[in-house]
Structure formats: C-alpha cells, structure tokens
Amino acid sequence: MSSRTRLGIIGAGGVVAGFHLPVLAALDSVEVRWVADLDKRRASEVAQRFHVSEVVTDVAQASDVDAVLVATPVGSRVSLIDVVASRRWHAFCEKPFASSVADHERMLATLKKAGCHAGIGLVRRFYTSTRSARHVVASQILGPVESVLAGEGIRARKFGRGEWFQSDPKASGGGVFAETGTHLVDQVFNVLDVERADLQQCRQERVNGLEMDTRLTASLLLRPTKQAVPLTMGVSRLHDIYNGIVVRCKNGEVRLPLDPEAAVDLFDQHGAKVGTFPGAPKPGIYAAIREEWLDFLAGMKTPGSADTGLMTTRFIGEVYARATVRARQVEAAQ
Amino acid sequence: MTTNKNGSTARGPNKKKRVVVLGAGGQTGRTVLTRLGSEPSIIATGVCRNALTAAPLRAAGLDVRSGNVLDQAERARLIGDADVIVNLASASSLWGQARIEDRGVIDAIFDSTEARLIHFSSVAVYGTCVDPSRNTYERPRPDAPYGRDKLNLERYAERKRRHAGGSRRLVILRMGHVYGAEQWVSRFVLDRVNTAFRLPFDGALPSNAVHVANVAAAVAKLVRDDSVEGTFNLVDPGQSTWRQVFDWNTKTVGVAAVPGMSTAMSERLKEAFRTRAAMPVPVAIARDVTGWLKSLPMSLAGAAPSLRDLLLSTMSTLKYPALEQKILAVYGEMSVRRMTEPLPIKNETWLLSEAAPGPMVDFEPERDMPRERGMSAADALVRWYRGYSSPDSLFAEENGATAVATPTYS
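Top line first, the protein sequences correspond to chains R and Y. Position 90 of the first sequence, counting from 1, maps to 166 under the numbering used here, and the rest follow consecutively. Position 161 of the second sequence, counting from 1, maps to 167 under the numbering used here, and the rest follow consecutively.
The reader is advised that the hints may include incorrect statements.
[Said to hold, decoys possible] Simulated crosslink set (DSS-like; lysine-lysine; CA at most 27 Å straight-line):
(1) K358/R x K276/Y
(2) K276/Y x K352/Y
(3) K352/Y x K358/R
(4) K227/Y x K21/Y
(5) K300/Y x K352/Y
(6) K358/R x K234/R
(7) K349/R x K21/Y
(8) K352/Y x K349/R
I should point out that these hints are in silico values taken from the structure, not numbers from a laboratory.
With the rest of the complex left out, here is chain R:
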C-alpha cells in the first residue's frame, strides 16, 4: 500500500489550478486521485493539466481517498461537508471556512463526529512576513501596541470574462469582506495574537445586494498582555485604499505589506525606518501554500487540532449583521 496521502480535489476553479495543484503536484507525500466539479469540462481541463486520471461531477461517487481539498464557493460548503464526513475524509477547506458561525460550528461538529481533521486555507498565517511581524509585536521591542490599522483593496477592474461566484452575495458569503477580508482579518488576529474582537462601528456599501466596501472600527483584546487596542480596518472593491497592516506601538510602528514577498519595516516615533525583515524569496505564495499543506497533513494525525478561524467567521458575521449599509439597487442599463 502506498504511504502517500491520497487526495481528492472538490472545485476546479482558479485557486485550485493556479495555486493548490502546482504545490500538491510537487509534494512527494501526496497523490491527487481525482478532481470533482459540477462543470465536468472544467474539471477535465484541470485534471489533464496536472495528470490526474479521475474526474467526477458527484463527490459521493468519487473513489476513496484520505483527504479532500474543498475549494467550492463558501455558500455551498455545508452539504458538501456532510458528504465528506460520511466518507471519513479529512477536509482542507479554502477560506472562508463558512458563511456563518452556525455553519462553521456545524461543519466542525460533523467532521469531529466522523473523526476527521479540518483545516483552513488561511495561507497568510504561513507568510514569512506575518511571522516576522508577530515576533516583533510579541517581543515588544517597540513597546506596547497602541493601535492597529489594516486595509486591503483596489477598485474592481479586470476580473476576467463572465460572471463568477464573487458576483453572487450568497455564494461569496456577502461580498468582498467575507471573500477577501477573511484573509486580512485573520492575519491581523494572528499578528496580534488576538483573544477577542469586538466590533464598534461599521459601514458598508452594497451594489445590487453585493457588498463592495466595508469600513469598521473594533476593539481587540490581545492574549499575551490582556491589553485592549483599537482596530481600524477597510476592505474595498470600490476604491483604491491603503493596502497593508500598520501596528502602532509606543515607540514606533510596524508596517506589514500584504504581499508574501514584501519586507516588514520598522519605524521609530519620528517616522524614520530603523529595521527591515525580508519577505519570502520568490515565489513566496507557493512556499506558504506548501507549508500550510504540510501543516494540515501533519494535523491529520490529531483530528480537530487546527484553528479553523472560528473567531474570524464570528467577526465577519457580526460585521454583516450590524453594518450601516448604503445600498444601491441598479437596474441593468437598457
């Protein structure tokens, strides 16, 4: 019997073909057995590109594996996880894990009951830059944290041809804050080692029900120091906004760009740069994805041990529930 972990891929979209499969194809410890997608043509194209022999449209009919990558839109996850758990497959889910806390907890409970490990593709946890920033903050070399600002987004320009799940509020979890902001929220929580996050103010802009811009303030309780610090955050597809995380400390500032290859810079109180922690060598994203897969594969030995970002899901849910919304309902132009 092969000692390699047998994997199935559920969802043949861009993130699978562009990121996960190139990494998995280079991992000697895994063997991708099949690719599943409702769109058989798309699944076949991806399978052919990566020399995967089996293609399915119904996951329930797929041959047995040890674990699956669940890379379908977040709005479709719950029923899929029921199938995955019934087959006793460990599940590595692309972010966001679930659309709501209720779904998140239900999915975890289903997998736990089946003895299956759950992992989450919050890849920024594995960025060199995230780790560097976390160490700097934990060490308090710039003094205690006083505030955090975090932003991500540019005006939506080129998103390829045709509609896709990110245009659908239900499939995308609500909009850009759920779909893309998940990464930023989790990264902030990770860098600061946040124990609890309380939303204070929030406003959103939605177009035809799809959230395109979120701005918020919150209070973060930091686990190591039990200190409360304010957070200001923005995620947008309507405007070009600041992209990065800024941790303001008593004696200076840590600036963390969002690119995995970018450096983390330290500034003193006068704005002079006093240090740099290099980012990952190119291509940084693949190195991080590789690490997250190795982490998941190792975690399969102790199912339920991974942090699947429940606090992130809770925070995002609260944002959508409590935001002051400016909505524009636009009829298609005639």
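Let chain R serve as the given structure and place chain Y on it in line with the hints.
Structure of chain Y alone, referenced to chain R:
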C-alpha cells in the same frame, strides 16, 4: 433614419447619440464614461465584462451593461444600439488568448453594428523609447510585445474597415502615458518621492503623457465631430514635459518634487536605451545568450557542489598558484558585476523618449478646468492619493476623519 444590422434605428442629426464605451471598468473607462454622460447630446453607456467590474461604476451612478461582447447572443443587448463605440477594452488573458479576444471585440463591432468606432491603441507602437530617426508615424516599429500587439490590432481594425466598405468610420487613438487619479503614471511619480530615483534630463524631454481628463475631453470632441477619421496620437496638447507631469502630481498632493538626474548620466541612459531599442531581435538574443554563456563556468561551479569540489581538488593537484589567483580575480570581477547596477533606471525607457511622431488629436484640454463637472482633476488626485497612501484614511469620512473608537475592555 437608417436601420442597423440588428434592426434598431440610428438617430437623425438632431437626436442624441448613443455612445457605448467598451472596457468601461478599466483605468480610463470611468472618467471617459462620466465625461460623455455630461454631454447633453450624448447617451453614454458603459460595458463591463461582469457585475463585479460594473459595480464601482454603478455605485457612482453610471449607466452600465455587463456581459461578454464575444458572445454572439449578447452582442445585440450590449452594443446593438450604439451610434459610436469607444473601444477601451484590452484582454487580460495570456498572450495568444488575449490576441484572439481583442480581435474578437473588433469583429463584434464590425460584424454586429454600423457604429462609428473610436479605437484605443498606444504610443507603445513607436517603441519603448521613441526615437523618431527610426520610428515614424507611417512606419512604427515597436520593440516589445505590448507595442507589437497594439499595432497588430490597429492593422486588424483597418482591414475590417476596408473589408466593410467605405461606409464604416474609424478613428484610432495612440494614447500616451496616462496620469491623474487612479492612473499608473501618477502612482509611479508619487511612489518615487523621497527615494533615490532621479528624473532623467531633469524632465526636459517630451513626455507623451496625457491626463485622464484630457483623454475624456478628446473622446467627447471626437464623438461630437463625425467628420474626424484616421489615426492620431493622444497626448496633452502642446506635449507636456516630464518635469511638468511630475510637478503637477507632486505639487497637487503637496509632497517634495522629484529631483533631476545629471545630464551626463541622462545621456548615458538615453544612449543605452536607444541602442537597445534599435537592436534587431536576433542580435539582442545573441547578445543576451553570449552574456549568459560567459557566466556559466562560475555559476555552474557554484550550483554543482561535486563539480566545485573536483575543481578544488584539481587545483591542489596542479599546484599552480598563478592560475588560482587568476580564477579568483575573474570570480571576484563577475561577482561585482552581478551586484552592481550599471544603470539607475532599468525599465522606464519611456522617460527617455522623444515626442511621438505624427498628427495629434486636436482638442481643448480639461485637466485644469474649474470644478463644473463634479470633482476637479486636482481634488480627485488628492483624494485618491490619500486613500491609498495613508492608513489613517481607512475610516475617514468624506469631510474629515472619524475618531477611532476607544477600547471597551477594563
């Protein structure tokens, strides 16, 4: 009144013109669409590929259709009623696929409508570093894939026009380097403030740049004037210098000016870039391959430990110190050459261009117009710059910053 291919009727001379902007979701599309919509004689509609790209335009109150113009079933809805089509679209696929898609858009316009076409190309057709001694308006010689693709598409559009007979009207605009809010040139300029970057010739060279408001103004003029046909360069009237472009950006947002580069270094750069741009492709390839081959012995020794060990053992056996010294000297020189950047600018060859040759679009510039149609160009630049450069603007209200909430934990 005439009837279009899809059965819709064109408007008579006193009726409003329906102008459809393809690629409305792109860099310049929103400004063009907004400007056209302010014209009393124009009904302006944008076309975006999908709802996501259309959303920011819809949020701004613009009229947008979303869909795929390459899909025959969608064409009538998207462009069938157009009197004028402004084609700003540019595929973002990989290279061959992009060429197929870009040509497909041209096909859609000519095969499915009777509309007059204003097609956007680029001054890149004249090369990455415009040298009028070898690059003319009549015979542009692009030296990079982007420029070649743009010229290729121009010629394709011309062929379609000729094939369609004399009734189809075509304007090709070779757009210069666009600056203004949300534009790459302004981002380039502002990212170089307080860095080691120096502006060649202190910015005295013609920029071939065009403010996005001027792009929109030119399009509006061309839409109003049906008689204009042909291929034109689209740059700021009078041809702004780089110093003027750089200073407009830095002064508007209130940051330090970008210093100039010495004339000696500027001349050296210009010579290097012009030579490279003029080099035939086979010669350029031969030169690069030769350089790589020269680096092989040392890089191979470094990359293959067993070979390196063999080399060291061989040198010990030979007992030839003079040769050892020679190898060390060559290795040292190669290491230094690899580390040293001989030129302070590697890719921004367009900063050392001459003016694009040929006729320019004649229009009234609108960059510095007072605030009549919404935000002024200067205000838009400041707002955009603050938005992307300052984390403190993340929760700022339009007229001031909202205070960050105080912690709630005791």
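Now the hints, each set against the structure:
1. K358/R x K276/Y: Roughly 31 Å separates the two Cα atoms, so the pair is violated.
2. K276/Y x K352/Y: This hinted pair holds, its Cα atoms lying about 11 Å apart.
3. K352/Y x K358/R: Status holds; Cα separation ~20 Å.
4. K227/Y x K21/Y: Cα-Cα ~17 Å, so holds.
5. K300/Y x K352/Y: holds, 22 Å
6. K358/R x K234/R: Status holds; Cα separation ~24 Å.
7. K349/R x K21/Y: violated, 61 Å
8. K352/Y x K349/R: Roughly 26 Å separates the two Cα atoms, so the pair holds.
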